[in-house]
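A.B. asks: Protein chains in written order, with UniProt numbering: chain A, 1 to 384; chain B, 1 to 384; chain C, 1 to 334; chain D, 1 to 334.
To be clear, the hints were calculated from the coordinates, so they are not data collected in a lab.
Once the Cα atoms are required to be at most 25 Å apart in a straight line, the calculated DSS-like pairs of lysine-lysine come out as:
1) C:K185 to C:K7
2) C:K51 to A:K165
3) B:K165 to D:K51
4) D:K185 to D:K7
Predicted, not measured: the structure shown is a model, and the values here were computed from it.
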Amino acid sequence: MTVMEQRGAYRPSPPPAWQPRTDPAPLLPDAEPYRVLGTEAAGKADPDLLRRLYAQLVRGRRYNTQATALTKQGRLAVYPSSTGQEACEVAAALVLEERDWLFPSYRDTLAVVARGVDPVETLTLLRGDWHNGYDPHAHRVAPLSTPLATQLPHAVGLAHAARLKGDDVVALAMVGDGGTSEGDFHEALNFAAVWQAPVVFLVQNNGFAISVPLAKQTAAPSLAHKAVGYGMPGRLVDGNDAAAVHEVLGDAVRHARAGGGPTLVEAVTYRIEAHTNADDATRYRGDAEVEAWRAHDPIRLLEQELTTRGLLDEPGVEAARQDAEEMAADLRERMNQEPELDPMALFDHVYAETTAQLREQRALLRAELEAEQERNDAQEGGAR
Amino acid sequence: MTVMEQRGAYRPSPPPAWQPRTDPAPLLPDAEPYRVLGTEAAGKADPDLLRRLYAQLVRGRRYNTQATALTKQGRLAVYPSSTGQEACEVAAALVLEERDWLFPSYRDTLAVVARGVDPVETLTLLRGDWHNGYDPHAHRVAPLSTPLATQLPHAVGLAHAARLKGDDVVALAMVGDGGTSEGDFHEALNFAAVWQAPVVFLVQNNGFAISVPLAKQTAAPSLAHKAVGYGMPGRLVDGNDAAAVHEVLGDAVRHARAGGGPTLVEAVTYRIEAHTNADDATRYRGDAEVEAWRAHDPIRLLEQELTTRGLLDEPGVEAARQDAEEMAADLRERMNQEPELDPMALFDHVYAETTAQLREQRALLRAELEAEQERNDAQEGGAR
Amino acid sequence: MTTVAVKPATMAQALTRAMRDAMAADPTVHVLGEDVGTLGGVFRVTDGLAKEFGEDRCTDTPLAEAGILGTAVGMAMYGLRPVVEMQFDAFAYPAFEQLISHVSRMRNRTRGRMPLPITVRVPYGGGIGGVEHHSDSSEAYYMATPGLHVVTPATVADAYGLLREAIASDDPVVFLEPKRLYWSKDTWDPEHPADVEPIGRAVVRRTGRDATLITYGPSVPVCLEAAEAAQAEGWDLEVVDLRSLVPFDDETVCAAVRRTGRAVVVHEATGFGGPGGEIAARITERCFHHLEAPVLRVAGFDIPYPPPMLERHHLPGVDRILDAVARLQWEAEG
Amino acid sequence: MTTVAVKPATMAQALTRAMRDAMAADPTVHVLGEDVGTLGGVFRVTDGLAKEFGEDRCTDTPLAEAGILGTAVGMAMYGLRPVVEMQFDAFAYPAFEQLISHVSRMRNRTRGRMPLPITVRVPYGGGIGGVEHHSDSSEAYYMATPGLHVVTPATVADAYGLLREAIASDDPVVFLEPKRLYWSKDTWDPEHPADVEPIGRAVVRRTGRDATLITYGPSVPVCLEAAEAAQAEGWDLEVVDLRSLVPFDDETVCAAVRRTGRAVVVHEATGFGGPGGEIAARITERCFHHLEAPVLRVAGFDIPYPPPMLERHHLPGVDRILDAVARLQWEAEG
Ligand SMILES: Cc1ncc(C[n+]2csc(CCOP(=O)(O)OP(=O)(O)O)c2C)c(N)n1
Ligand SMILES: Cc1ncc(C[n+]2csc(CCOP(=O)(O)OP(=O)(O)O)c2C)c(N)n1
Ligand SMILES: [Mg+2]
Ligand SMILES: [Mg+2]
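Hey, can you work out the whole structure from these sequences and the hints?
C.D. replies: Structure follows, in structure tokens:
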């Protein structure tokens, strides 16, 4: 038998049948951000929900201006404002059940407050008396995350653990447009999809990562298009339309709770203020763009819808304003009090049980502070 | 003016026009892996190219079996075979121009050899006499990368640099299905798309990351679908069809060279051997699957096409086999020689200029080796 | 410490048994990592766990170390006790940010409200002929990170006992497994894990009068061998196995050094910036007037880990240890 | 070293000038990082570079540190000299794998054929009231990694000179910029960079007879202040500014310690596993019989970096340094 004959006995066959692991079509986002306010869909929205959203938006805006004011008074080390993004912040909080978990980034203090955490405790990180002020378990809110996108795998792990335990808990994780470029974003979404973890990823695309505009961040058709690469649905929504954000997130949360797995939601919005009070936005963007977005203000959008439909009147507006003022006054007053500081606390929670090393260092600091106290007392004594 | 009237003066407008940054439709991969061999498309394929591919595939298979044999003889510390994946390996090498760059992973020694690097120098890492054997600049081949996906940003940076310098150089980077889960994969593809860097990403989806099957690695419709999330085209190709892989990669290389930016290519293939000689594949997969893929062997596929079309006859097959045997004999012989080892080299390339510290340590080792030598000489002297 | 001899087992087997027993005792213990399920890990240390406890308890993850550790953080937040396997030392580096910025700090950040009882198992060190990136000794990175415990066994009994303790700890523990001791064998009684000293205690493996070798993990057997060889040269060496780099057992170490007045720290990690500097410095701070000579270090050279065929020149061996002992200024003594 | 006084400038300005001059002199120098272009960096250290040299030379990257350093590796492979900015110390951690597994090893891996002349600028340290993750002193991680140079200026002139040298170096340099010295001012002559000592040399900033303070970066001014204050207590202190942690200048340091017989190492990084251990250990190895007391360390506590309102308790200050000097066993002297 010749070589060719030998080979002829072998008939290569087609590859084992290939099929897409999932149908990509339903995963792709709509061609335009989904909107409710000012569209026909608004008619189907629950009036009560719209009113609750409105009250929270007004509070949220006031919270933002108050916190920014506190930076000027030196009461906060830094504040990244979510002015203009209140619809996302508020909807993210309101869409969750009590048993669900929220994973905020540093910009999302408003979502944390809207979820019910004490605003003063929420601002602890940014005031600088400790790294985190609230008990994460009390309200099921993870600490505000500063390293970008690192909170996303946490949300996935928590949601996965809840599912393993048989609890129908959903985790909602927030991240910025810039944060989507980090490897952690990728790894988190992939784990979530493979594990079918009940988690919702909310990307607030506010146009900028500090000074870097979206065009330098990604070439994707939209950030929501990233979803298909993980095998999860991507949704695109007008991030200034509170009703739309609430609806899209609500769908995603229900989907996740029902065992349908994760969703990626991109909310298109805009950061009206500078990155933080320490930033100078005039270095990288013009007024015209800001003004165009001011004209699409999330509060005004909802206000118009509500008034047009007769769901809000002047006293209603006034009541919301009043409520927000009270919140602000309370916040102002409490933030104007000096926080209680205990330097010894530096050693208390490094480990479950302190080490011999840390005991030594604790003693050193204690002795220093006592000596300082003595010197101060002596000086005061001298002065007296 | 009442509050409502004041507010009435403000008319919220739609958001600044939203549009996808790129049209997603052309970025999506075909519904099935692209095939040439055994289809009508084969008629258009260049006979010379097919013959060249065939000769290289036969060499490649022989190279794989020879290298595996060398592990059994203790001449290689470890060998990750690309048996079954030769079409991808060979096409990746042949599709590039001399001035282009290849970024291989540890499994891609065959692509490196097919690009013209001395097989012995290529195997240095796996023999264990040094971490890399060849001069990367001589053949424009980066060192084999062991940490998964870390070579991808390198390829992007190099391609970007070439473009900045005005050189029409393309970088082709290889990675496995498992490697696509790493954050570096994500960051590399994103940078490439934003910078429109002339780089082609070739994912060899061989079904497994060591023991972990694709289904535990991703829920995506296909790995090629990830492309759309970066705003680059994704292509899906039968990785055992050398003509198809060459064509798809060729298109991507030309596209990149012409300034069209990066492409993600997923080649669907199969790892016929265990992960490496040290792995036991029976722990995680059955024979049936392997056999199904053996029946779709890249060499036989091409052989059938060539013989059917009268482009290959018995002497041609024999010549290819002969050529491969010579390569194998040469490799065997040269790998059976002990590599020259110079322990002092450990200190030579840590820094451009050595440090006082390293000089001390070098002296220490030299003294130890001299003492060892003396002891050995003394023993030999005693024995004589 | 009494170790009841029962039957010989390898260190790898003891580690497997530790996870198995921990999983059986506590349903919140979950193992995750690359290839830990069906395959049982590339070193087979998780062999059988997926079969016994199911894939939800011992899970093959996607291939992404930051993702593995990051999701483990979330699992721990929800009350689980994840045991994470990093496949090799150098492949833990992608998870560095999660480890430093979150795992080590979450308890402190939340004033104790959100502890993270995570065990990160890292096969480490050389001597197994591994190609590049498979032989790093990365303990200096972990030691420099407050909030982590850093533990490494050198005996089969310790492998079991320390891993059980690590998993039970309410703090994150980086558990460094000396690769080249995986196949070391010893008799050991899994029924008496309490016979093992707790995390945070060093153990004197050999008493001696002349000088003290301070070491851990893969270098413990080497130091014991060196101590035997030293007899021939007339030195009686004490050998301390640190077991736990964090917390560090100053008491045991300093007592051993004070007894002998001379000390050499031995480890595979590079010398410069490696663990030995810290160890030598703290011994000197505490035992200065007991020292007849400076504390010396025998460590890996200050170079990237060598290729397999050259690694023997890099690793601290008996001769290099004895040379260091010889440099402990014996003349000055009399 | 003569520094011709020309006009006062801040350290940040000197750094900008160094990059500007390097870019003007060498077209292969490229700056990249987050916000380095249009904004000029969050500390404005790259201010004006994009405008002067175009966005291709000073590039705002996507937000991904591993991607930034990883692409810089590729750029260096093609003959460019990337200068990478990491926005803050803790945000360099995502790039750790690229740094350790590639940047530090590529030259060695390729036997010198593929050097990577990359400068990684990392603003580091505390004292600026930064919230969590904005004040880390991460130098111990870099020191423990062979193949990297680790450099940190403490003066305006050094900021310019060392950065020029780092960029010109054919090796990767981790260039640590003390955040709280960014706005420190000094007269300094950019026309005479050669007046600056090269990388690898420590400099005695103040001579003294009684004890030597060994320090670097942000702690240099603190040590100089402490030395002034010590005069009042009757101690004449020498202050050594290391400038370069890798390579380490044993010669200058040991000469200074031998002169005084007593030494304290001062840095912000945590003590345990921090740079001070290495420094104290190597001094002791080399100067044992010149030491009247053990080399002591004044360092950050072994805790995660504190929140802004408590950081003053953590940072080594004048009092804590003087307390350490007082513990240098002066009684034993006479
Ligand atoms: C890992 C990491 N890198 C860098 C930073 C510094 N940083 C803080 S905010 C920011 C921009 C974030 O942009 P985006 O994700 O869009 O969120 P936004 O601020 O717009 O809400 C950067 C670069 C960080 N916090 N973490
Ligand atoms: C960062 C990193 N993590 C883990 C490993 C260990 N490892 C080596 S190969 C491999 C599987 C890779 O699978 P894939 O990417 O599909 O490539 P293949 O081996 O199939 O070619 C793993 C986990 C590694 N090399 N690098
Ligand atoms: Mg943003
Ligand atoms: Mg694979």
